[in-house]
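Read off the chains here:
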Amino acid sequence: MALSVLARALPERMRDPLAASLRQSLVAPLVALQHDAELTRRAWLARDEVTLARDSATLRAMLTPVLQRENGELRQLLGMAQRLRWGFVPAEVLHGRNAGEDYTVMLSAGSRAGVQPFSPVVGNEGLVGMVKTVDPTMSIAIFSSHPDFRVSAMAADGSAFGIVAAHLGTGADRYLLELRGVPVRSSLKAGTVVWSSGFGGVYPRGIPIGTVIGEDRKPAEGWARTYLLRPAVVPASVDAVMILRRDQRPEGVEGVWVAPQSVDSAAKRIAGAVDSASRTSAPVLTTARRDSVPRRRKAAPVRPDTAVIRPDSALRRDSIRADTAQPAPP
Amino acid sequence: MNWSTGVRTALAFFILVVLHYTLRPVLGWRAEPDFLLIALLLVAIRIRPGSAAVLGLVLGLFADSVNLQAFGSAALAMSVVAFSASWLKAVFFADNMALNAFFFFAGKWLFNAMYLLAERRLGGGELVMQILVWSSLSAAITAIAGLASLLILRPILRTSLT
Numbered sequence: 001m002a003l004s005v006l007a008r009a010l011p012e013r014m015r016d017p018l019a020a021s022l023r024q025s026l027v028a029p030l031v032a033l034q035h036d037a038e039l040t041r042r043a044w045l046a047r048d049e050v051t052l053a054r055d056s057a058t059l060r061a062m063l064t065p066v067l068q069r070e071n072g073e074l075r076q077l078l079g080m081a082q083r084l085r086w087g088f089v090p091a092e093v094l095h096g097r098n099a100g101e102d103y104t105v106m107l108s109a110g111s112r113a114g115v116q117p118f119s120p121v122v123g124n125e126g127l128v129g130m131v132k133t134v135d136p137t138m139s140i141a142i143f144s145s146h147p148d149f150r151v152s153a154m155a156a157d158g159s160a161f162g163i164v165a166a167h168l169g170t171g172a173d174r175y176l177l178e179l180r181g182v183p184v185r186s187s188l189k190a191g192t193v194v195w196s197s198g199f200g201g202v203y204p205r206g207i208p209i210g211t212v213i214g215e216d217r218k219p220a221e222g223w224a225r226t227y228l229l230r231p232a233v234v235p236a237s238v239d240a241v242m243i244l245r246r247d248q249r250p251e252g253v254e255g256v257w258v259a260p261q262s263v264d265s266a267a268k269r270i271a272g273a274v275d276s277a278s279r280t281s282a283p284v285l286t287t288a289r290r291d292s293v294p295r296r297r298k299a300a301p302v303r304p305d306t307a308v309i310r311p312d313s314a315l316r317r318d319s320i321r322a323d324t325a326q327p328a329p330p
Numbered sequence: 331m332n333w334s335t336g337v338r339t340a341l342a343f344f345i346l347v348v349l350h351y352t353l354r355p356v357l358g359w360r361a362e363p364d365f366l367l368i369a370l371l372l373v374a375i376r377i378r379p380g381s382a383a384v385l386g387l388v389l390g391l392f393a394d395s396v397n398l399q400a401f402g403s404a405a406l407a408m409s410v411v412a413f414s415a416s417w418l419k420a421v422f423f424a425d426n427m428a429l430n431a432f433f434f435f436a437g438k439w440l441f442n443a444m445y446l447l448a449e450r451r452l453g454g455g456e457l458v459m460q461i462l463v464w465s466s467l468s469a470a471i472t473a474i475a476g477l478a479s480l481l482i483l484r485p486i487l488r489t490s491l492t
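So the protein sequences, as listed, match chains Y and S. Position one of the first sequence corresponds to residue 1 (the numbering used here), numbered consecutively onward. Position one of the second sequence corresponds to residue 331 (the numbering used here), numbered consecutively onward.
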């Protein structure tokens, strides 16, 4: 028991090698078993979904969005890989479900795949966390909600800079983040997306971290503001990630994730282009439509005994041939 | 414990440890059975308290090696639980189903409580919620899984549950 107390009190620099030696020797086959079991579970769940979808059209209709979402996520990840082009290692996430494993996670890629400590871990929606320790075949990462996590961040338009850290809330707020140290003169609106700034040398510039929910007013902070962020990625829902290699950092990852502002402006540009096209073509279309009416009238043979024009008719009289039109009976 | 019993107990222990890393992830429940603790308790009541504590330490370090944040917490909790189980084996030695279920429940609940306290991550209401609600739920499921394991492994352990 004294040994276990000693193990609890070990400093990090002594604890990590001990844990790593255990993971690489005695625990390695067990972790491999756990990995296979996780994959089996996912396959089983997927099989269940497919079976249910085959069994019932109603259920299929209900489950299609789930499958579509999963497909969409994988496609997004593939798309992200294409945009990144190089300098990343794909990995699967093995969630621990024990108490105390909310903020750490095992990844199915290690140093043999090129993963190094302090490598950023990203998902298709943004920053997930950072690799803490690396073994040959697996690595352990901390989520952005981990108490030790820090990343230099900025607003999308560069108007505010700060440090993002875990909010350390409880319950539903446990995954929230804080943007700390923002100068008082910089005010961020709710909904502003916060990105990694590239300062600090660990995280390349341009990874979405989260969205501003509001200001967290702390009386102790005089000249700085703290904002609460909703993380771009909810750690518990991540199944597949990309680990960015160190050689990717100098290049940055700007453009890999599309800024919401860009999306908005692109959408506005498209809408504007459609509107202007409509405006340009509207007179031409109206003229063409108006001209086509008499042409159609001319083209269609009208029987003299059936063509009747009412006095209140909206049709232009000059568009009707006089010899084919008869006044309506009173 | 003679040689034959030792081999059978080791086999049951090995099966339960493998189940912990295979069946548990497949189940994927929020409150999960802890086969590692069941294995530890099954062995602990068959060996001396000192040996049980060492076994708890080793198993705890196994569990801790993949959770750097709370390294040592599981080792400490498992050592205490294994030592207590071995020391109290006279009470629980009767092969009674209810007693065994309570034994597994108490072991898992004590483990979780000690782990959460040693980890020093949670506090206040969330700690109370974890200890009273989630730990109790997990302990109940572990107790059920423990009884099921005893029934299944009965040919190996040569126990009789009444």
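Simulated from the structure, these hints should not be mistaken for laboratory data. Where a beta carbon is used, it is the ideal one built from N, C-alpha and C, also for glycine. Take the hints with a grain of salt, since some may be wrong.
Computed Cβ-Cβ distance ranges for the label pairs, DEER-style [stated by the list, open to error]:
| # | chain 1 | residue 1 | chain 2 | residue 2 | range |
| --- | --- | --- | --- | --- | --- |
| 1 | Y | Leu-45 | S | Ile-345 | 37 to 45 Å |
| 2 | Y | Pro-147 | S | Leu-353 | 29 to 37 Å |
| 3 | Y | Val-184 | S | Phe-432 | 53 to 61 Å |
| 4 | S | Leu-481 | Y | Leu-18 | 19 to 27 Å |
| 5 | S | Ala-340 | Y | Glu-70 | 26 to 34 Å |
| 6 | Y | Gly-169 | S | Leu-481 | 14 to 22 Å |
| 7 | Y | Pro-11 | S | Leu-353 | 29 to 37 Å |
| 8 | Y | Pro-117 | S | Gly-453 | 37 to 45 Å |
| 9 | S | Trp-359 | Y | Ala-172 | 32 to 40 Å |
So, partial list: chain S residues that the calculated Cβ filter (under 8 Å) puts toward chain Y [said to hold, decoys possible]:
| # | residue |
| --- | --- |
| 10 | Gly-336 |
| 11 | Thr-352 |
| 12 | Val-356 |
| 13 | Phe-392 |
| 14 | Ser-395 |
| 15 | Gln-399 |
| 16 | Phe-401 |
| 17 | Ala-405 |
| 18 | Met-444 |
| 19 | Leu-447 |
If you want the footprint, here are the derived chain S segments under chain Y, 3+ residues with CB under 8 Å [what the hints assert, rightly or not]:
| # | stretch |
| --- | --- |
| 20 | 427–441 |
| 21 | 453–459 |
| 22 | 475–487 |
How the hints compare with the structure:
Range check, Leu-45 of chain Y to Ile-345 of chain S: Cβ separation about 25 Å, and the 37 to 45 Å hint is violated. Separation of Pro-147 of chain Y from Leu-353 of chain S is about 32 Å and conforms to the stated range, judged on CB atoms against 29 to 37 Å. Under the hint 53 to 61 Å, the C-beta atoms of Val-184 of chain Y and Phe-432 of chain S, about 59 Å apart, fit the expected range. Take Leu-481 of chain S and Leu-18 of chain Y: their Cβ atoms lie about 38 Å apart, and the range 19 to 27 Å is violated.
Roughly 42 Å separates the CB atoms of Ala-340 of chain S and Glu-70 of chain Y, a value that falls outside the hinted 26 to 34 Å. With their beta carbons about 43 Å apart, Gly-169 of chain Y and Leu-481 of chain S fall outside the hinted range of 14 to 22 Å. A hinted range of 29 to 37 Å holds for the C-beta pair Pro-11 of chain Y and Leu-353 of chain S, which are about 36 Å apart. In this structure, Pro-117 of chain Y and Gly-453 of chain S break the distance hint of 37 to 45 Å, their C-beta atoms being roughly 29 Å apart.
For Trp-359 of chain S and Ala-172 of chain Y, the hinted distance range of 32 to 40 Å is not satisfied, since their beta carbons lie about 21 Å from each other. Taking 8 Å as the C-beta contact cut-off toward chain Y, the hint placing Gly-336 of chain S at the interface is violated, the least distance being around 20 Å. Annotation: interface hint on Thr-352 of chain S holds; nearest CB of chain Y at approximately 5 Å, less than 8 Å. Here the hint on Val-356 of chain S is kept, as its CB sits about 5 Å from the closest CB of chain Y, short of 8 Å.
Using the Cβ-Cβ criterion of 8 Å, the hint placing Phe-392 of chain S at the interface with chain Y is satisfied: the shortest such distance is roughly 5 Å. Interface hint status for Ser-395 of chain S: upheld, as the beta-carbon distance to the closest one in chain Y is roughly 4 Å, under 8 Å. The interface hint given for Gln-399 of chain S is met, as the beta carbon of that residue sits about 5 Å from the closest beta carbon of chain Y, less than 8 Å. Given the 8 Å rule on beta carbons, the hint for Phe-401 of chain S holds: about 5 Å separates it from the nearest Cβ of chain Y.
With 8 Å as the threshold, the beta carbon of Ala-405 of chain S comes within range of chain Y, its nearest partner Cβ sitting at about 4 Å, so the hint holds. Look at Met-444 of chain S: its Cβ only gets to about 10 Å from chain Y, farther than 8 Å, so that hint breaks. A distance limit of 8 Å between C-beta atoms decides the matter here; for Leu-447 of chain S the minimum to chain Y is near 11 Å, and the interface restraint is violated. Counting residues of the stretch 427–441 of chain S whose CB lies closer than 8 Å to any CB of chain Y gives 0, so the stated coverage by that chain is violated, three being the minimum.
Only when three residues or more bring their CB closer than 8 Å to a CB of chain Y does the claim for the stretch 453–459 of chain S stand; here the count is 3, and the claim holds. Counting residues of the stretch 475–487 of chain S whose CB lies closer than 8 Å to any CB of chain Y gives 0, so the stated coverage by that chain is violated, three being the minimum.
Violation of the numbered hints given earlier is confined to hints 1, 4, 5, 6, 8, 9, 10, 18, 19, 20 and 22; the remaining hints are satisfied by the structure.
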